[in-house]
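S.K.: Spelled out from the first residue to the last, the chains are:
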Amino acid sequence: MNPTDPIKLVAELLDLPIQDKDGRWCGVVDDVELSGTPGKQARLAALLVGPGAYRGRMPRWLFAISRSVLGDDIVRVPIAEVETIGSSVKLKCAATKLKLGSGDEKARAWVPRWGAL
Amino acid sequence: MKGTARARNGFAAMPRKSLLLLFALASCSKGPQADLQYISQARSLTAEWALINEQSSEGKLTDTYTRVMRADLREQLQTTAKSLTQPNSRYGQEIQAVLGEPDHASPQALRSHADQLKQIEDSLESA
Amino acid sequence: MTLGIMTAVGGFVDISELVFAAQAGSIFGYALIWVFALSTIGIMVFGEMSGRVAAVAHQPVFNLMRHRLGLKLGLVTLLASMVSTLITTAAELGGVGLVLHYLTGAPYLLMAVAGTLVLGASMWILPFKWIERTYGLLGLLMLVFAVSLVAIHPPWPKVAGGFVPQVPSGLSTKELLTFGYFGVAIISAVMFPYEAYFYSSGGIEEEWGPKDLPNNRLTATVGFALGSLLAISILASSAQLFGPVNVGPETPGTSALEAAIPFGKAGLLIALLGMLIAIAGAAVETCMANAYSVAQFFGWEWGRHKKPWEAPRFTIAWIGFLLLSLIIILTDVDVMTLVEYAIVFSIVVLPLTYLPLMLLARDKRYMGQYVNGPLANGLGWLFFAVVTAAAIAAIPLYVLTSGGQG
Numbered sequence: 001m002n003p004t005d006p007i008k009l010v011a012e013l014l015d016l017p018i019q020d021k022d023g024r025w026c027g028v029v030d031d032v033e034l035s036g037t038p039g040k041q042a043r044l045a046a047l048l049v050g051p052g053a054y055r056g057r058m059p060r061w062l063f064a065i066s067r068s069v070l071g072d073d074i075v076r077v078p079i080a081e082v083e084t085i086g087s088s089v090k091l092k093c094a095a096t097k098l099k100l101g102s103g104d105e106k107a108r109a110w111v112p113r114w115g116a117l
Numbered sequence: 118m119k120g121t122a123r124a125r126n127g128f129a130a131m132p133r134k135s136l137l138l139l140f141a142l143a144s145c146s147k148g149p150q151a152d153l154q155y156i157s158q159a160r161s162l163t164a165e166w167a168l169i170n171e172q173s174s175e176g177k178l179t180d181t182y183t184r185v186m187r188a189d190l191r192e193q194l195q196t197t198a199k200s201l202t203q204p205n206s207r208y209g210q211e212i213q214a215v216l217g218e219p220d221h222a223s224p225q226a227l228r229s230h231a232d233q234l235k236q237i238e239d240s241l242e243s244a
Numbered sequence: 245m246t247l248g249i250m251t252a253v254g255g256f257v258d259i260s261e262l263v264f265a266a267q268a269g270s271i272f273g274y275a276l277i278w279v280f281a282l283s284t285i286g287i288m289v290f291g292e293m294s295g296r297v298a299a300v301a302h303q304p305v306f307n308l309m310r311h312r313l314g315l316k317l318g319l320v321t322l323l324a325s326m327v328s329t330l331i332t333t334a335a336e337l338g339g340v341g342l343v344l345h346y347l348t349g350a351p352y353l354l355m356a357v358a359g360t361l362v363l364g365a366s367m368w369i370l371p372f373k374w375i376e377r378t379y380g381l382l383g384l385l386m387l388v389f390a391v392s393l394v395a396i397h398p399p400w401p402k403v404a405g406g407f408v409p410q411v412p413s414g415l416s417t418k419e420l421l422t423f424g425y426f427g428v429a430i431i432s433a434v435m436f437p438y439e440a441y442f443y444s445s446g447g448i449e450e451e452w453g454p455k456d457l458p459n460n461r462l463t464a465t466v467g468f469a470l471g472s473l474l475a476i477s478i479l480a481s482s483a484q485l486f487g488p489v490n491v492g493p494e495t496p497g498t499s500a501l502e503a504a505i506p507f508g509k510a511g512l513l514i515a516l517l518g519m520l521i522a523i524a525g526a527a528v529e530t531c532m533a534n535a536y537s538v539a540q541f542f543g544w545e546w547g548r549h550k551k552p553w554e555a556p557r558f559t560i561a562w563i564g565f566l567l568l569s570l571i572i573i574l575t576d577v578d579v580m581t582l583v584e585y586a587i588v589f590s591i592v593v594l595p596l597t598y599l600p601l602m603l604l605a606r607d608k609r610y611m612g613q614y615v616n617g618p619l620a621n622g623l624g625w626l627f628f629a630v631v632t633a634a635a636i637a638a639i640p641l642y643v644l645t646s647g648g649q650g
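Protein chains in written order, with the working numbering: chain A, 1 to 117; chain B, 118 to 244; chain C, 245 to 650.
Mimicking EDC-like on lysine to aspartate or glutamate, the simulated pairs with C-alpha atoms at most 20 Å apart in a straight line are:
| id | chain 1 | residue 1 | chain 2 | residue 2 |
| --- | --- | --- | --- | --- |
| 1 | C | K316 | A | D72 |
| 2 | A | K97 | C | E545 |
| 3 | A | K99 | A | D72 |
| 4 | A | K90 | C | E545 |
| 5 | A | K99 | C | E554 |
| 6 | A | K90 | A | E33 |
| 7 | C | K316 | A | D73 |
| 8 | B | K147 | B | E211 |
It should be emphasised that the hints constitute simulated quantities derived from the structure, not laboratory data.
Kindly produce the complete structure, drawing on both the sequences and the hints.
M.R.: Structural data, given as structure tokens:
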């Protein structure tokens, strides 16, 4: 489906995995940002990716634990960057453009580049 | 189907820690009933030892395996003996008798110890 | 095909099956064979489903687990499965150490460390296809147990009778509870959650698509049937060889006697080598399954079809799980104790694992024409009910039987 189609937020979008244009897994839809005012039709403005987005989705004590373990980064993915939404969210661009999957970039420094067939 | 259900315990495990101990304590803390799991364990360990010695005497096992299994079984028996709440009981003495056997003891001798322990186990089971 | 073999042989005949099957046979004769058979059908059903979801939706189970369960329940499932799988990995590493100890005579803990290092190296060096080929094919050495059963001429009518659902008559209350505990433990051990995770992630690693669905069905049925055959062989041999001489057994090494008695030293060595590979395969599977779960839950790059540095957080995760499991072993905790904990933790997680899988496999939006048919639906819900009942009964039974010993 396209990002402009009506969508059942919870059922169809939240917690979907995200792939960039090269098929690289680069996050999960942790929350969404809606635009519009009360009384008007809400529009999907952006996807929010990162453990910081858990804040509205869990009790405060649990979020405190989550933040201490996972941090509270949020990356905002404007809806314009979304190609399709199906069993995963597919982006139009590469993950690096939006700074998604940056954890892998940081972790790469710790992983030696030899020995694997 | 004859003899498919046997009046004995199985899957007796090595002495455990914390949580499991709590459960065991909750049920019964001392005496033969509490030692039942160790008697069952000792019975099986003795019988395994007998089987190892029997197969070894028939040339069916490697020397390394035989040596290692005998040492491991003896060590586990020692641990079991130490876990008894009543080490001077009849079954405690039987286990000590097993530990007194040499590594290469005859399968028959070991089996007779195992049978003794089995009898004690069965009588406690039906108590 | 080797994916199914590795999952089945490694997933079935791991350290818990080896001892459980032998003890079940020794205590209850052939009366628990039907529980193995029933559980095998269950893992075939869910295995096929998880492979199908992987092939059609191009996503493994845990990716979509969070989507179906939501964040909070998904986190609970993730943590629960991580703990249970971690304990299982530790038990398998302990098993590897024990078998190396029986083969070489070297100290157990030293062998556990050595074994872990070799396993870790194999997971680093080999790409996915070679990991499953190596462990899968070498694990076929376990067939010696099936051959050994034939060689000891068991009472085949009684063995066949064991496939009929039954509870032996004349059992005391304690014995009935123990029988129940063994039944629940077998269901748990056969349907360990990591098997579905590993199998479905493996399907993605092998780049399955809808054209691979017949292969998936074949792999899930034949592969798991093979593993079940081996476990039942160990049980039946034990009923014949161990039960009558009062052997429990208490030690994993004793199971190898099932091949030594008919075939002597050659049988013993093949059995020990087969056990080593099967348990090692299970250690690799459980460790990778945990890494898959974490990576997929948080949307990291994952997979051993990539080089380790191409999926760095996934790599750090599996190394971390391997080391954590080794640390558990180095506390010198008894391997059998770990097996019990793994069994009880896993059964409680099972319904949480299989529910999203059922919901996904029935969802036309993801599965299109490959959605569950009436048979898959019927069997799926039936086995979901079975694992839920087992999950509820597990802890009370464990407590009442003091961990299966009455």
